[in-house]
Amino acid sequence: MSFQTLLQVVEKCDNFPHALPSYLNPPKSDSHDDEPLNTHVLRVGSAIVGRLLPSTVTAIQEYNARQTGDPPFVIGDGCVTFDEHIHTPEERSRIIEGLLRTWVEEKRFVALKGWRNELLSAYGDMTQPDNIAFVFERAGAAVLGIPSYGVHLNAYIRDENGDLNMWIARRSPTKQTWPGMLDNCVAGGIAHGLAVYETVVKECEEEASIPAEIARKARNVGAISYFLVTPNGLQPETQYIFDIELPKEVIPKPSDGEVEAFYLWDMTEVT
Numbered sequence: 006m007s008f009q010t011l012l013q014v015v016e017k018c019d020n021f022p023h024a025l026p027s028y029l030n031p032p033k034s035d036s037h038d039d040e041p042l043n044t045h046v047l048r049v050g051s052a053i054v055g056r057l058l059p060s061t062v063t064a065i066q067e068y069n070a071r072q073t074g075d076p077p078f079v080i081g082d083g084c085v086t087f088d089e090h091i092h093t094p095e096e097r098s099r100i101i102e103g104l105l106r107t108w109v110e111e112k113r114f115v116a117l118k119g120w121r122n123e124l125l126s127a128y129g130d131m132t133q134p135d136n137i138a139f140v141f142e143r144a145g146a147a148v149l150g151i152p153s154y155g156v157h158l159n160a161y162i163r164d165e166n167g168d169l170n171m172w173i174a175r176r177s178p179t180k181q182t183w184p185g186m187l188d189n190c191v192a193g194g195i196a197h198g199l200a201v202y203e204t205v206v207k208e209c210e211e212e213a214s215i216p217a218e219i220a221r222k223a224r225n226v227g228a229i230s231y232f233l234v235t236p237n238g239l240q241p242e243t244q245y246i247f248d249i250e251l252p253k254e255v256i257p258k259p260s261d262g263e264v265e266a267f268y269l270w271d272m273t274e275v276t
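182 is the number that our numbering gives to position 177 of the sequence shown; each next residue is one higher, with no gaps.
Treat the hints with caution; some may be incorrect.
Said to hold, decoys possible - Label-pair distances were calculated between CB atoms; the ranges are: (1) 200 <-> 272: 15 to 23 Å; (2) 186 <-> 252: 24 to 32 Å; (3) 217 <-> 95: 42 to 50 Å; (4) 270 <-> 200: 25 to 33 Å; (5) 15 <-> 43: 19 to 27 Å; (6) 75 <-> 183: 37 to 45 Å; (7) 95 <-> 17: 36 to 44 Å; (8) 203 <-> 84: 31 to 39 Å.
These are calculated hints, taken from the structure and not from any lab test.
Here a beta-carbon is modelled for each residue, glycine too, at the ideal position from N, C-alpha and C.
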């Protein structure tokens with residue numbers, strides 16, 4: 006995959022259609038390829054926490070049918086909710102884990118082959134301070150269309166002329182996603198139980214060997230949201246963007262195997 010302009014990258018990344026393309030046909034398999042995007046929403050109370058493709062809704066219906074007691078999900082017109090006997094985030098988390106593990110055993114969705122044993126938070130009512138609807142395995146985010154959140158750090162230095170030079174990472178060739186491609190100096194998903202700023206400091210240490218006392222000088226400069234459609238499913242994401250000017254003597258080094266190498270490039274080479 007190669008791009009000639011940054012606009013092409015944006016168009017590839019934020020590609021959820023505003024209207025159904027006429028060439029989309031009913032699904033032929035569970036890969037999500039060529040699947041019409043007449044999605045169901047996944048609700049907890051009044052909050053939409055996910056968006057489900059037809060093949061996912063079908064898989065939930067089949068899961069419901071195999072339960073010996075009350076089925077855990079209620080499937081309505083354009084909406085999937087938890088049954089009324091399921092009240093707490095802990096109960097919802099247990100149900101979602103059981104659902105995803107069943108699909109792993111069935112080899113139902115390709116996205117679940119990348120099971121990470123990493124928990125993310127699904128958020129409910131955003132007006133409430135304690136708004137975690139449930140906790141779920143990261144590999145299930147695209148299958149359930151649940152928004153995920155991450156951090157991206159632009160690290161740079163100034164040369165003797167005062168011009169910017171950026172540290173660019175090349176992702177490990179063994180990464181589950183986008184192996185071998187160029188990336189921000191530091192990037193990572195926000196795991197359950199971690200705040201945004203905590204994640205920046207953690208990822209700096211783990212991915213780039215940047216000490217915490219340096220990483221804490223990073224400043225937030227905004228956020229980018231996009232909705233990506235891939236063969237894995239639906240991936241709405243928000244990335245919190247940070248900038249940091251590194252001392253020249255601080256040189257990022259691969260640490261946890263996520264990054265193959267770091268390059269220091271001037272802005273002409275970056276763009």
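To see whether the hints hold, each was checked on the structure:
no., hint, verdict
1, 200 <-> 272: 15 to 23 Å, "violated, 31 Å"
2, 186 <-> 252: 24 to 32 Å, "holds, 28 Å"
3, 217 <-> 95: 42 to 50 Å, "violated, 32 Å"
4, 270 <-> 200: 25 to 33 Å, "holds, 31 Å"
5, 15 <-> 43: 19 to 27 Å, "holds, 25 Å"
6, 75 <-> 183: 37 to 45 Å, "holds, 41 Å"
7, 95 <-> 17: 36 to 44 Å, "holds, 38 Å"
8, 203 <-> 84: 31 to 39 Å, "holds, 34 Å"
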